[in-house]
Each structure stands twice: as C-alpha cells, then as structure tokens.
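Could you build all of it, start to finish, from the sequences and the hints given here?
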Amino acid sequence: MKKRNIELDIKEMKTGFGLMKDIKLSVGGISEKTADQQLGPTPFPSSTDLREWDMKLLERYKPFYMPFCDLCCLCTFGKCDLSDGKRGACGLNMEAQQSRIVLIACCIGAATHTAHGRHLVEDLIKKFGRKSALDVGGTNVEILAPIIQLVTGIKPRHLGDIEDILDYVEGEITQLLSSTHTGQEGSNIDFESKVLHAGTMDHVALEIADIAQISTFGFPKSDPEAALVDTGLGVVDSSKPVIMVVGHNVPPAIGIMDYMTEKDLSGQLEVCGLCCTAHDITRYDPKAKIVGPISWQLRFIRSGIPDVIVVDEQCIRADAFEEAKKIKAPVIASSSKNCLGLKDRTKDPTDEIVADLIQGKALGVLILDPDKVGEVAVRTSLGIAPKRKKFKNLPELDELILEAKRCTKCSECRRSCPNDMLIPEAIDAAAGGDLSLLNDLYDVCVGCGRCEEACPNDLDVHSFIVKAAEQKIKNEKFKTRSGRGAIQDVEIRKVGGPIVLGEIPGVIAHVGCANYPKGGEEVAEMIEEFAKRRYIILTSGCAAMSAGMHKNEDGKTVYESFPGDFDAGCVLNVGSCVSNSHIAGAAIKIASIFAKRNLNANYEEIADYILNRVGAVGISWGAMSQKAASIASGFWRLGIPVIVGPHGSKYRRMLLGRKDRDSDWEVYDARTGERDYVGPSPEHLFYAAETKEEAMVMMAKLCMRPNDTSRGRAMKLNHYIDLHKRYYGRMPDDIHLYVRRLSDVPITMKDEIVRILDQKEWKEKNIPDPTILPRMIRKKER
Amino acid sequence: MSTTPWQTAEIPGPKRGLPLHRCETLISLLNNSKNPLLIIGHKAAEIDLGNRKFIDYLIDLARGRTITVVATAHTIKELTNRGFQNASSMPLMDIANRLRDTEWRGIDGKGAYDVVLFAGFPYYMAWLVFSGLKHMSSQLKTISLDGQYQPNASWSIQNVSPLELEKFFVNLLEKIGEM
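Sequences listed follow chains E and B, in order. Taking numbering that gives the first Met the number 0, the leading residue of the first sequence gets 0, the next gets one more, and so forth. Taking numbering that gives the first Met the number 0, the leading residue of the second sequence gets 0, the next gets one more, and so forth.
No lab work stands behind these hints, which were simulated from the structure alone. Zero decoy hints are in this set.
Here are the simulated SDA-like pairs of lysine to any residue, each with C-alpha atoms no more than 25 Å apart in a straight line: (1) E:759 with B:87; (2) B:166 with B:63; (3) E:517 with B:7; (4) E:649 with B:136.
Part of the chain B face toward chain E, derived, beta carbon under 8 Å: (5) 7; (6) 11; (7) 14; (8) 71; (9) 131.
Please read these numbers as outputs of a predicted model, since none were measured by experiment. Yeah, the Cβ is synthetic: ideal placement off N, Cα and C, and Gly gets one too.
Next comes the structure, spelled out in structure tokens:
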C-alpha cells in the first residue's frame, strides 16, 4: 500500500477536555483536507467508534437467528455440534457462530466492492491522472460524496483523494475479517456491531467506485432524463456479430465501445450486457443493450446468440467458460479476480490472440488490459460471427420431445430447484408434445441450472425451458432508463421537507439481485403500485432491470410510465450495484442539506436523524449475494430498514423489533429531554417477507417515522390501511400504535378508526422532536 | 415416503426431527399439549388436495381441535373468505421471533404455546424457521404438516404425494371427529 501524507485542517473541535480551534493535523496518510463544516466526533471510525450507536439499534432490533446448519466447521477442532445450546471446542455458541457467518458474508461483500473500487480507481488514475476532478452533477451536486464525508470527514475533490480513502476502508475490512478468526470475538452482539461497520465500509466503497466512474467516463450526471435503453433478449439483433459483456467492472466493455467508435464500426456490432456491467455500459453509451439480470446469463448463452463473451468480475457464473464452449463462443476474461483458468495473453500481440480465438486454437484468453480486451473482442466477433451463423445450440422441437421421453420422473430436478418448480410435470407434458408448462416455467425460473445438475439422465432441462419459450424470448423487448447516478441537491431541497414531515409518504428503493420466488414481474408490480401512490421510487442493479422487463396494461414499462426525478410519483434508476451509494447518499443529504445537520464525520447524529425522520425503506426482493448483505447492513446502520423476499431468509439472521414491548419504542424529545412512546416506527430493520402482498403492506408500514406530522402520518396510515384491507381483507390490528393524535387519523376512515381506538383504550400522545441520542437533547431533564 | 429433506441440499446436522408416519401420533401430540398453535402460510391456499385446497383441511383441523390459528402473509383473507374468523394475522418472521421468547404469553395473553404446527410455507423458508426454533427455543415442539420432510422440526410428515397427504388429513379428521 502506498504511503501518503495526511493533512487535516480542523477549524473547531469540541472535545471532552475543551474546545479546540484551528488545528492542523499531519500524520502521514490522507489526502486533501477540505471540510466546509466543522469536523464531527467520528472521523475515520474504527470498528468500535460507532459501537454505542450500534448497540442502541441492536437493543431495539434484536437478532433472530435461523442457522443453516447445526455445526461449525471452520477449524480443525471441529466439526462442532452447536445444537441445544452447546458450545464448540473454541467456546463459541450458536448465536455467536451465526453472527460470525453474517460478518464473514458482509466482509466478502464489502471487500468485493472495495476491490472493485480499487481496481477501477487505479485504472482511471492511469488514464486520467490523480488530479482528475470528481464531478457527479456539476453545480447541481455540491455534496458529491455524502457517505465519504459522513464517515471520514473528508470532502474528496480529485481521483487521487479517493485512493487514500480506499486505504482506510481496506484496513477496516481486514480488521473486521480478522475478528472472525478462531479465538477472537465471542459475543454475537459485538459480531453484529461489526456487521454494521462492514456495511458502512461497503457504502464508502460503493460511493468511491461510482463517483470515480461517473466523473471520468461521462456517465449521466444526476440526469432525470437519462436515456431509455433497449432491454431484453428480444432486442439483440443476432444478424450482427454479438458481444456479450457480463459482470460489474465496466472498463473492458468501454474498451469495446471505444474501439468500435475509433474504427467506425458502431452499428455494425451488437454489444449487450448482463448484470451491472449492462447498466454501466449503457450509462457510457445508450446504444449498448441490456439483456437482463444475473439470472438471464445461462439462458442467453444457451440461446447461442453471443459470438464472443467478455467476463469481468462479480456475479458471473463460474461455469461461463464451460457453457461458452458448448456454443463455440470464445471467452475473454478480463479481471484478476476471475481468470477462469485461462492463459494470460495480456502481453501477446493482438493479431495473434484474435487469430487464435477465431481459428479455435484458443477457446478463451485472459487479458488484463481493458483497451486490449476491446480490440480483441471486436475483431474476434467480426471474424467468428460468420462461422457461427448456422450454429444451433437449443434442441429442435422433435429432439426435445424425444429427450423428454427419457425422463424417469424421479423428481430430482424439482427437489434441487430453489423454487420447487413443477419440472417433472412440465417434462412429462413435453414428452406428449405439449410445451406450455415448460413455457410457463420460463417466467419464474431463476436460471441456476441446478435441475440439470441433478438429473440422473442428463436431460438439458434448462435448455428445454428456453426452447419452449423461444417465441416469448423474441418478444422480450423493453425499455430501462439508464442509471442517472446521484440525486441533485436541488431535488433534496424540494422534497426534503415533505419527506421529513411525512407528506411524501415514503422513499422506497428496489435494489439487489434476481433470486425471486415468482419472477421479476413482482418487482415491477410493487414499483407501479407505490409510484401511483406518489412514493419516491428508486431502483438499482438487477432489480432495476427486472423492473424494466415488464409492461403494464398500457404496454409501458415503469420507466416509460413515470418520470425519472427524485420526486413524488417518480421512478428513477440510479444505476449499478455501486450506485446504491446514491440511495444512501440521498437520505444523508436530506439531513445535511434540508436539515442543515453537520455532515462531516458526524455519523451518529445523521443516522439518528434518518432513523427518526426519513421514511425510507429498501427492498431487495431477489437478494442473493454477500454483496447484497453488506449493502443492506450499511442501510441498517443508517436507520433504514430493508425487506427481503422469502429467499432472503437464507441470510439466516433477521433484525426484528417487538411492537408489543412499549419500552422499546421510547425516544427522547430533544426539546425537553423527556422520554416519549412513539410507536413501532420503523418496526423492523431487516425482515424477510413471505409474499409480495406481505412485502407491500410492510413497505407502507415501515415508512412511518416518529417525526411525521399529523398530516403526513394520516397519509401514511391511509396507504398502510388501504393496502392491508386490499390484501388482508381487514383493518390492521396495530393501528392504535401508530395514531398519536386524532389528527393523525385519515379523515375518510375516521369513524372506523376511532371505534378501534376506543376499544383499545387509546390515549393521545406527544409528538416529540425525536432522537435516541441523549447528547442531542437541548434542554436536560431536571 | 422418505425422511430425506425434500430439497436435496437442505441437510441440517446431527439433530433431526422425528417422522410423523401416522395421524394417531399427531393426535397424541395434540392430546398432550396444553396450548397448541397452528400457523398457516400462503401456500396452503394454493395447494390442491383432491378437490379441496390444503387450507380447507387445516381449517377443519383447527375447528376439530379448537386450536389457536395464526395466518401469515396475506393468508388471513383466505381464511376469512372461507368463513373462518377465529384467526390472527402475523408475519412468519414475527411469530417465529415471538415463539423463541419464553416470556411471551401468546396471541391471547393466556400463556406460552407448547406445540406449534406449521403448514403452507415455501419449503426453504419453513426449514430456516424450524432451525431457528430448534436452536433458540428448544422447549417448543414444532410439527410440519406440509408433506415435505422438514428435518429441523421436532416432528414432520415425510415426503408424500398430494394424494397421500390428502389421505393423511382425511384419516386425521375422521379420527378427530370420532373423539
């Protein structure tokens, strides 16, 4: 790691031993000083500096563990049986072991984003220099790195500045991971606190990666009218050479677009992406296309359409090379994290590499130079496409029927399917010539391919599904709004008040992967419902694509139906996984810009503000990865609840509030120091919903915050009750917990609610200036 | 009939639940229970058992033995539509979280549950909830009625076909009716 000089200018700092002014600190490692406001209490926090805040959250939202296994098998003492309250040979119990696993997952996620950020920043510095200015929205975005400022106290201005912050994040992740070693941390609650810290580090890394690429690659800069880009398998013109890019690190894909531009080849090839590289390549050039989320990988390769497959990093199928060989498409691996066993040809002459790939002497290569990847991919695709035109990978209909007849109905495919799909019945129908059931499976299949792995008769079950849905795939033509990046300061000024007062009923972010129980259509349905109710809807990552891959009854996607502003009734795609930083950033900026709270290294105060005032909820309906876990944990620490779909229960730990315990829901009134009951708002911090209907009701409920004005609370209650009645067929049984004054009651439901309040012996309550931090009390209790 | 986990990879570890071969065993467990609870998930309204839905058999069971019922997700609407009014509604995560709390006095405040029956859940989700209760609430007897063997439950109906599950419930309800 490079050593750099730290210089901090501190204008004023309140400490336990007095007020210090005009301090200059120079200790050997951080970059440009530049805080406009005074430095808060926790610059560059270690894993224990925010522990007190974490404990407050964890006291209210207690972990509920659901172990994947009775055992621990992480050291040679074991395996140890931890069931029935037993401790392992190292002394660890089941609760601590589960929280340790959660921490390991979050460290993997945070390390992945950090390594991505590091890789990206180093490439960009080589290309643009350390002094290249950071700019994510010109004068519209003055606070360009709210997470970095909140956590470190530093306001980065140039690429080189964020390289320094990466040093800090890498150090913290190493510390956190080390605590999972045998004989280190022994308390589940301290593991949980470290999980939250891993989330914070993850969010810093996300922000670093995205502001670096927005600033240098010319991505949309906070643009509500970012382009609508073609999305879906059906938008790919297979009459042209097709290059498939997949992963998260966009420079190799940009190398492809740049080479095509340089050689005037634009329009002669198709460049189409999956997962976050798809988002970022369309942010760079909207002529590129989005094939679909992570779960579309196998079906797209099996379609035989890609002529060349370029993989970078993260969420790529480990068998991508094996699958590519089946369709005779060369693979170019472009990341040190994902070499796929391929020979490193980075320093070989380009002509030789291209010739080897076209002639089939090499089936794949590793090239660790994004520009070279661009040239090799384009030239290879031009050379190989004519040879592949007659190539068919999917079985013909009669072949499929013949193959289906070999099924022995053992049900191993169904038993290995994550969604328990009725595959044997579909194969049986196919054997009789009816492909309709296989066709139906296409809509809910997550494309994992486990059915094929399990089949004792080696049936290509996934290919059968893709073949059966061939016509549907041709019609898979949609529009997704390209990732716009950050939220403008002016947008925050406009909606900050209505959000904090509750008059915009909530901010809902659909993020994460595509491991859905019933297909991505549910994501689009949820978005449409809440956008119509004038919530602010944000999307990112695979969820953003899934949302764009369904049309409403007017034949429009959510991006065509709703504007892309950060405002009530709008739907905005911030971009790829790393763009999740703008969602956290928006919540932070509400506290900073609208409420004028000090942003610099002032984590607890800002998180306290968000927890009590900003009605934001994250929903990751198809959360799958360790990265999704670390992203979520960053939101939890900021006081933003996250709902996951049923598969999200496999994260094996929830953070659940207990609305039946009144004392858990007391806050301080910052005006008086008195403690007030504010109801379970928000009720949970991490929660797995069983169905879309349950998630929608919970989303509306989790948007309530103690600071809501009566008008705002009435509006939020109206949505909660309305959705509850629609999906549950009755009034919620906890209305009395959310009504503080009669003026909170939605006017159209007044008689019905007042009756309930009377039955519950409800009493009017104070609406405090809420905080859970004693230091925020302006007048102490006497 | 099989006592391997329904989903191939869901292997829990050394502590596994007992198979519920016969409906008499279930009746015996209920007879010995001071305060049983039946938790019904959304899939109960989707699964066909003969010409009825799974949820219809569960309603008959709750009525036959006067068992407290909690419906998760949006299942309460299905119960109400079938004329069953005596159910509470609570998310699966919430009811599981309360069941691990030995101080919790139950939905009606009358005391902790000792036997909890689950039916109508996605296999993997119930698998995890059973695991959570197995480890965090070992005093509780949990029973899976889904016809897909749940190794983390104290007792579970094995992997059976819908036809076999239907027979199990027809038999169960007949025997309860005779009591």
